[in-house]
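A.B. asks: Listed in order, the protein sequences are those of chains W and P. Take the first sequence: its letters are residues 1 to 536, numbered as in the working numbering. Take the second sequence: its letters are residues 537 to 612, numbered as in the working numbering.
Quick caveat, the hints were computed from the structure, so don't treat them as lab data. All figures in this text were calculated on a predicted structure; none of them were measured in a lab. Be careful, since some hints might not be right.
Output of the computed footprint for chain P on chain W, the stretches with three or more beta carbons under 8 Å from beta carbons of chain P [claimed, not checked]:
hint, segment
1, 162-174
2, 327-336
3, 344-354
As a list, the in silico SDA-like pairs of lysine to any residue whose alpha-carbon atoms are at most 25 Å apart [as the list claims (entries may be wrong)]:
hint, chain 1, residue 1, chain 2, residue 2
4, W, Lys170, W, Val324
5, P, Lys561, W, Phe296
6, W, Lys488, P, Val560
7, W, Lys351, P, Asp579
Computed footprint of chain W on chain P; a stretch qualifies when at least three of its residues, placed anywhere within it, have a C-beta under 8 Å from a C-beta of chain W [unchecked claim]:
hint, segment
8, 556-568
9, 584-596
Even glycine gets a Cβ: it sits at the ideal position worked out from N, Cα and C.
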Amino acid sequence: MQLLSYEFVAFTAAGLLLFYTVGKRFRVQWVILLLMSLAFYAGSGWKFLIFPISVSLFAWSGALLLDRLNEKALLIKQDKSTDKAVRQERTQQLKKRKRRVLVLVLLICFGILAVVKYTDFALSLLGKLINLCGVPGSFDPVGFLLPLGISYYTFQAMGYLIDVYRGSCKAERSFWKMLLFVMFFPQMVSGPISRYDQIQPELIGNRETGTRFPDREQLFCAGEKILMGLLKKLVIAERMSGPVMAVIGTGGNCSGTEAFLGMIGFTLWMYADFSGGIDIVLGTASLFGVRLPENFNYPFTAQSLADFWTKWHMTLMQWMRDYVFYPAATSKTIRKISKSAGKILPAGFSKRLPAYLASFVVWFITGIWHGASEKFLIWGMANFAVMTISQELTPLYRRFHGKFHLDGTKGWRIVCMVRTFLLFSVLELFECYPVRTVFSQVFRMIAEFDPAGIAGGIPAFLGMELPECILLAAAWTLVLASAYVHAKKDRIRAKLGERTILGSRCIYLYGLFLITLIMGRYGQGYEVAEFFYNQF
Amino acid sequence: MNEIISILESIDPDQDYATVTGLVKDRIISSLELIMLITELSDTFEIEISPEQITPENFDSAKSIYDLVMRIQDGE
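Please model the entire structure based on the sequences and the hints provided.
C.D. replies: Spelled out as structure tokens, the structure:
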């Protein structure tokens with residue numbers, strides 16, 4: 001079942017009816033959500049259910065065991081009647097047991113993901129390695145079908161397991177509630193990756209009152225999210241995907257102007273597609289009283305690439321930070337490597353090395369998370385390289401700002417935003433083209449840079465007449481204006497009266513609905529493309 | 537406490553660490569800079585900071601960092 005389909009609308013409507021009637025009456029709302037999630041997932045092939053159920057089972061049982069070990073550790077710590085040395089020894093033993101449980105479950109669950117997602121990539125790499133040794137031939141791909149959402153729910157479940165290991169949350173006693181956390185249907189398509197302690201209370205609902213039907217404000221917010229998501233996807237992304245894919249399809253065999261428009265178009269299309277999908281997911285979840293975390297925070301206002309990655313695909317990057325970056329950077333292995341490197345490298349650099357080595361690991365994993373191919377790995381490494389070099393140039397930036405006093409000025413902020421946008425877009429080229437082609441494309445874009453040609457070439461690039469281009473620009477303006485209003489909503493609320501705001505919101509929502517209805521690309525004979533991030 | 541402030545200043549000299557709060561919550565220091573800080577703290581005070589202890593509560597100000605260092609030295 002696609003997120004953008006009449007079936008999904010009917011499915012959600014029927015689910016809401018059951019949720020707020022039978023579910024609320026008999027306090028089984030979470031059961032309704034679980035059944036909906038199972039049905040939604042089975043829609044992509046009932047055989048694939050084995051994957052999320054297996055991951056849930058391993059995470060649930062592993063977490064229960066870790067919880068019991070945590071309780072034992074606490075009892076040992078509180079037992080003042082035993083000698084301190086004995087207590088420390090027992091605590092160390094328990095820590096080792098906990099680590100073994102954690103590592104085993106992580107290996108199993110990430111192993112399932114690795115086998116399903118990366119077998120063909122590994123075979124292809126192995127084939128190339130063997131060819132390099134002078135042995136001809138290759139391995140036939142196995143061709144595993146990627147189960148829906150496997151990259152998302154595996155990370156989500158393992159994040160939960162690590163939280164229990166750390167003692168920052170208690171294990172879920174009910175396997176079925178655990179299964180709901182892993183399989184909650186809105187987030188199965190393209191995330192976001194949630195944390196157990198943040199969404200579980202809302203998934204399960206209040207014991208006494210159940211989840212109440214959304215109030216007016218909640219309905220407005222849900223409606224706005226869903227309609228804005230539909231506008232981004234059906235009006236903007238569906239219009240842009242064809243021209244953008246056509247440029248990528250040339251394999252870099254195009255003019256500098258086309259390459260530039262294709263590059264910018266790809267970034268804008270990806271934002272509209274991905275954030276549009278997430279808006280629909282968040283809005284749908286909120287109708288059931290579940291607030292999923294945001295995945296975007298005005299990414300195009302970022303002042304640097306590092307800042308950008310705190311605003312784009314936030315839940316994945318936060319997962320990487322908390323479960324890969326911090327543990328890697330503080331690990332004994334990386335500390336040892338840094339200390340050894342300190343004997344040959346400058347003292348200042350060797351102190352920064354743990355951060356860089358951990359960042360390398362993060363971007364390696366982030367790269368291959370996005371896709372089982374060399375181009376995604378190179379893309380990840382390119383991001384790592386740019387951020388590392390930028391960090392090393394910090395003293396230079398400080399001297400520059402000390403001399404010119406531009407930091408903090410509005411003009412400089414805009415320069416940094418444009419610079420970051422272009423940098424992100426250039427790096428995205430590694431996802432689309434072979435490495436050699438990326439460099440030649442960038443060179444051609446610079447050599448043939450022609451602002452007038454670029455502006456004039458937009459209708460031809462989009463394959464649209466000027467009026468439709470203007471409509472597309474208007475849709476983008478609406479997206480930007482909505483973001484601006486959101487950012488300033490408290491100030492706007494204070495200035496205008498509640499009745500004015502209510503009236504404006506009604507007109508705004510009706511406008512979004514009408515624009516999507518009239519300008520959206522959907523309907524009989526038209527197949528709306530799957531969300532780009534669905535493939536991961 | 538002065539040692540902690542001078543470590544913070546070596547990473548980013550543009551803040552008044554005696555008074556500023558929200559170092560992590562308000563992203564005054566980045567994740568990369570936070571790890572640099574942790575590396576320096578570990579070397580200077582001969583302590584080990586675990587990933588579970590890397591929280592805004594422990595790193596949002598020079599005072600909270602100082603409290604964390606003291607707790608670890610006392611055997612937390």
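A.B. asks: If a hint holds in the structure, say so; if it doesn't, say that too.
C.D. replies: A quick look at each hint next to the structure:
no.: 1; hint: 162-174; verdict: holds (count 3)
no.: 2; hint: 327-336; verdict: holds (count 4)
no.: 3; hint: 344-354; verdict: holds (count 3)
no.: 4; hint: Lys170/W with Val324/W; verdict: holds, 21 Å
no.: 5; hint: Lys561/P with Phe296/W; verdict: holds, 17 Å
no.: 6; hint: Lys488/W with Val560/P; verdict: holds, 23 Å
no.: 7; hint: Lys351/W with Asp579/P; verdict: holds, 9 Å
no.: 8; hint: 556-568; verdict: holds (count 4)
no.: 9; hint: 584-596; verdict: holds (count 6)
In summary, this structure violates none of the numbered hints.
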